[in-house]
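J.: Given these sequences and hints, build the entire structure.
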Amino acid sequence: MLKYVVRRVLQMIPVFLGVTLLLFMLRIPGFLPGDPIQLIVGERELTPALRKQIEEKNRLNDPLPEQYVWYVSNIVQGDLGDSYQKGRPVADILTDKFPNSFRLAFAAIIVEIVIGILAGIISAVKQYSFWDVLVTLSTSILVSVPVFWLGLLLQMFFGIQVREWTGGAFSLPITGMGDPPDLVHIILPAITLASVSTAYVARIMRSQMLEAMSQDYIRTAKAKGLTERVVVFRHALKNALIPVVTFIGIDLGFLMGGAILTESVFQWPGVGREIYLAVLQRDWPVVMGGVIVIVLIVMLVNLIVDISYAILDPRIRYGGAAE
Amino acid sequence: MALLEVNNLKTQFFTRDGVVKAVDGVSFILNEGQTLAIVGESGSGKSVTALSLMRLIQEPQGRIVDGEVILSGKDVLKLNDSQVRAMRGNRIAMIFQDPMTSLNPVFRVGFQIGEALRVHKGMNREQAAQRAVEMLELVGIPNAAHRAKDYPHQFSGGMRQRAMIAMALACDPDILIADEPTTALDVTIQAQILELMLEMQQRTGAAIIMITHDLGVVADMADDVMVMYGGRQVEYGTADHVFYNPLHPYTWGLLDSLPRHDISEKGELCPIQGQPPSLIDIPSGCAFHPRCPHAREICRTSVPDLKEIEPGHRSACHFSSDPRFRRTIAASQPGREVR
Amino acid sequence: MSADRHHTEDEQDPASQGPLDVEGHPIRDEAQRAPVLPGAAEVAQRPSRTLWGDAFIRLRKNKLAIAGLVWVVFVVVVTLSADLWVPRYFADPVSTEFAGLESPSADHPFGTDRIGRDVFSRVIYGARVSLAVGILAVSISVLIGLIMGALSGYYGGLLDAFVMRTADIFFAFPYVLFAIVLLAILGPSYRNVFIAIGILGWPSIARVFRSSILSVKENEYVDAARAMGASDLRIMTRHILPNAIAPIIVYGTMSIGGAIITEAALSYLGMGVQPPTPSWGMMLSEAKALMGPAPWLTIYPGFAILTTVLAFVLMGDGLRDALDVKMKD
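Residue numbers (this note's numbering), protein chains in the order written: chain A, 697 to 1019; chain B, 10 to 348; chain C, 2 to 330.
No lab work stands behind these hints: they were computed from the structure. Check before you lean on any hint, since a few could be wrong.
[What the hints assert, rightly or not] Pulled a few chain C residues facing chain A out of the computed Cβ check, cut under 8 Å:
(1) I170
(2) A266
(3) M292
[Unchecked claim] Listed below are the simulated DSSO-like cross-link pairs for lysine-lysine, each with C-alpha atoms no more than 27 Å apart in a straight line:
(4) B:K130 with B:K83
(5) B:K130 with A:K934
(6) B:K158 with B:K130
(7) A:K782 with A:K753
(8) C:K62 with A:K822
(9) B:K19 with B:K130
(10) B:K83 with B:K19
(11) B:K158 with A:K699
(12) C:K64 with A:K822
(13) B:K158 with A:K934
(14) B:K130 with B:K87
(15) B:K87 with A:K822
(16) B:K316 with B:K19
None of these values were measured; they are calculated from a predicted model. Quick reminder that beta carbons are idealized off the backbone N, C-alpha and C, glycines included.
T.: Here it is as structure tokens:
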């Protein structure tokens, strides 16, 4: 078990280095649009002395391998450089924005878990019934829906139409987090963000349940005289849940960093949106810093998911057969 | 009164391609403490018969369409759901062919044994766990107290089957149905498991229904034998009857196809020609006629009844009662004695 | 074994002169020992069919998949022939006078946008972009993915490890973010969009193909082929490829749907196709500010995306069910 964990952690290292290398290559002059030094300086005049100063501070004249090492060691220490536009350290900006993204991600996960798992179980237990058909069709549709369009529709309906119908009495907020952040503001973005994933969870849950219920051990359980409920919710569910849990775990990682579309539609002040705006403004340190942190989080979450998979499945947790 | 009396059991499955007559009119009797072997090829309907006894046929794809299964005077087929559940694992228990897939991989073995105890005998968790360990010891698993906390994949194949036997016998059932219990095991382990089953039977007095395609197993264990083909019974009698005086050509074929080391000459294997029939499209008349070396016109046109040829010994062949026929069969199979 | 219960005194056996048939006549040869009634031994055996033949038949029966296919064909035909019949060219404002937003009417089935362009025409023309990007991007992914997956799966070892680590790096990035950064570097344009999406897609294809190869490689017929002296390439193309290709077809079809959504998302964010080329995603970004007064601007382009992607998803589902070898008829 410990060996497994160590091995997985070691596997992460080359990936991390690969990611940093890719991002590092973006610093090479000419790669990214715009002269980085000019961007740092902004409106001020760029004197040769100033240029030299900036070059030295950012080690832009060192041989590339040395630059890379300096770059990576900075990252590891938490120094992600300074934003071109705002002048603040990137790390600070990210620290501001990440909690908002986490909040949204967790809200979405809750929706996924509750609706997705329930829908999947019902769909499998009552196969071919009205519910099953409903779930299967709606998941197919949800998977095909562009997330941002769904967000727009929800905004349109719950934010504007409903207000018209109720004469202004009822509506859901469609922008931002609220000040101070409250539950009402998170509803629509969370539903939007969760929509496609919920569809996947429901589908996976359904197919896993169907497969579990067709296994021999279900026949054994019935032959022992156990009730239908026990057979389904104890014997089948525990087996079926394992892959679903791992999917949700992995999804969590991506939701934390990749909610850019939802954040954009609802103007949610999260990391994704921050990076997007930075791209538009050519604020490369923010882009690169943000991406690295997201990647790290995703890798970390994946690692946790892998480990918990090993814990949940007794076949992996305990070794093989003994005579 | 017999412990179990089955009359004209018919079970069918409804598929896109047609109706599968998996069990087409099977009748037999099982007395306390006795062992009945149900023999046949794959697809002969023997497993479905067993599942039907426990009403484990999945509706709506399958249904028991006719017949009676009378357990200690009550017709199982007429019981309601909760009565059926009270019976399963409690009065009739079943063990299956593949112990690896038949045990739930995510629950401990002791727990799975204890489940039936908690449901049927009202035990609490500790009592059930205790009894589970006792059962494991009974079936010969060393270090049972520790092993009960293991998961199925940590057991070897033979041990898993022992655990399944322990699980089935936990509530002291009157009947144990064993569906090909040794097929998935190594040859050396097979003998151990069969011995264990005999020992358990002695100890508990349970009747056994042994489903198998292996005649060697039958010879070791069975009091009565029922041969099935194409969903139908083709021969039914005591083990002595069936082995020493087989009446049906299919039974002859089965016996004859056993590899034998005691014939000095030739030593060719004599398999039965052809393939088992599709149960959707059963051949007309006698189901075996396409493969029977002795088939005649009547075999194709008319279904033979299961007739009692000698006391306690029945056969479903048009010619079983013809002494000339029997001798002829004997004549065509080298090395077989005729009584 | 119990066979030794049977007695074997051949001398007492009346059949010592040889086997007899039902009438008592000696059986001369093997043929006569066979079943007497003609044609009987082949009773009820199913004819075997090929994997692709089976799949095609099953696919035909799947109504949803057929519906998806029909819709895709319809869209393709409609959009390619658009020049012939579309009422208004997508870039022309309606007239010189200030037209502005108009809700759907007979003249403009989907209404007009802020500068008077006919939304219906724009949606029709937008299909070209979406379909083209979808198909081209997936083609790129499949091409790269097949090669990488083949190298990885077939040769294993360090090559496998290297390819898989690279794939891991791609997987570590959130998809849309990666695309945005990539496009920021390449510069947003029609061509770069499908290149970017194509580049992002190869690891998934490679992984699927690799696992197909790995499972097929285990099979004996590959060993048999190699024993007969077939070269690596030949084994790959003749034996492994036909079997491993099925999941790729399924995954590829569904990826087209994904690529269409991604293109729309990127265009919505302004990183994709640039004006005046109409793209459904871009139309949605223009629609956002006018959500209240002009809901039709939001509804129709989005609906177009939904139906087109759904068609591909249904086709992919149908293909997966049809090609699933484990399913019995």
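J.: Confirm or reject each hint.
T.: Going down the list of hints, with the structure as the test:
1. The interface hint given for I170 (chain C) is met, as the beta carbon of that residue sits about 4 Å from the closest beta carbon of chain A, less than 8 Å.
2. Given hint, A266 (chain C) at the interface with chain A, holds; its Cβ is 6 Å from that chain's nearest Cβ, closer than 8 Å.
3. With a cut of 8 Å, the hint placing M292 (chain C) at the interface with chain A holds, because the nearest CB-to-CB distance is about 5 Å.
4. Distance hint between K130 (chain B) and K83 (chain B) is fulfilled; the C-alpha atoms sit about 21 Å from each other, no more than 27 Å.
5. Restraint check for K130 (chain B) and K934 (chain A): satisfied, since their Cα atoms lie roughly 25 Å apart, inside the 27 Å limit.
6. As the CA atoms of K158 (chain B) and K130 (chain B) are separated by approximately 21 Å, the hinted pair is consistent with the 27 Å bound.
7. Distance restraint check for K782 (chain A) and K753 (chain A): the Cα-Cα separation of roughly 18 Å lies within the 27 Å cut-off, and the hinted pair is therefore satisfied.
8. Note on K62 (chain C) and K822 (chain A): the hinted pairing holds, with a Cα-Cα distance of about 24 Å set against a maximum of 27 Å.
9. Restraint check for K19 (chain B) and K130 (chain B): the C-alpha separation of about 32 Å exceeds 27 Å, so the hint is violated.
10. At most 27 Å may separate the alpha-carbon atoms for a hinted pair to count; K83 (chain B) and K19 (chain B) meet this at roughly 18 Å.
11. At roughly 24 Å between alpha-carbon atoms, K158 (chain B) and K699 (chain A) fall within 27 Å of each other, so this suggested pair holds.
12. Annotation: proposed proximity of K64 (chain C) to K822 (chain A) holds, straight-line Cα distance about 22 Å (limit 27 Å).
13. A distance of roughly 18 Å separates the Cα atoms of K158 (chain B) and K934 (chain A); the hinted pair therefore holds under the 27 Å criterion.
14. Restraint check for K130 (chain B) and K87 (chain B): satisfied, since their Cα atoms lie roughly 24 Å apart, inside the 27 Å limit.
15. Taking the CA atoms of K87 (chain B) and K822 (chain A), the gap is near 25 Å; set against the 27 Å cutoff, the hint holds.
16. A threshold of 27 Å between alpha carbons decides the hint, and for K316 (chain B) with K19 (chain B) the separation of about 18 Å falls inside it, so the pair holds.
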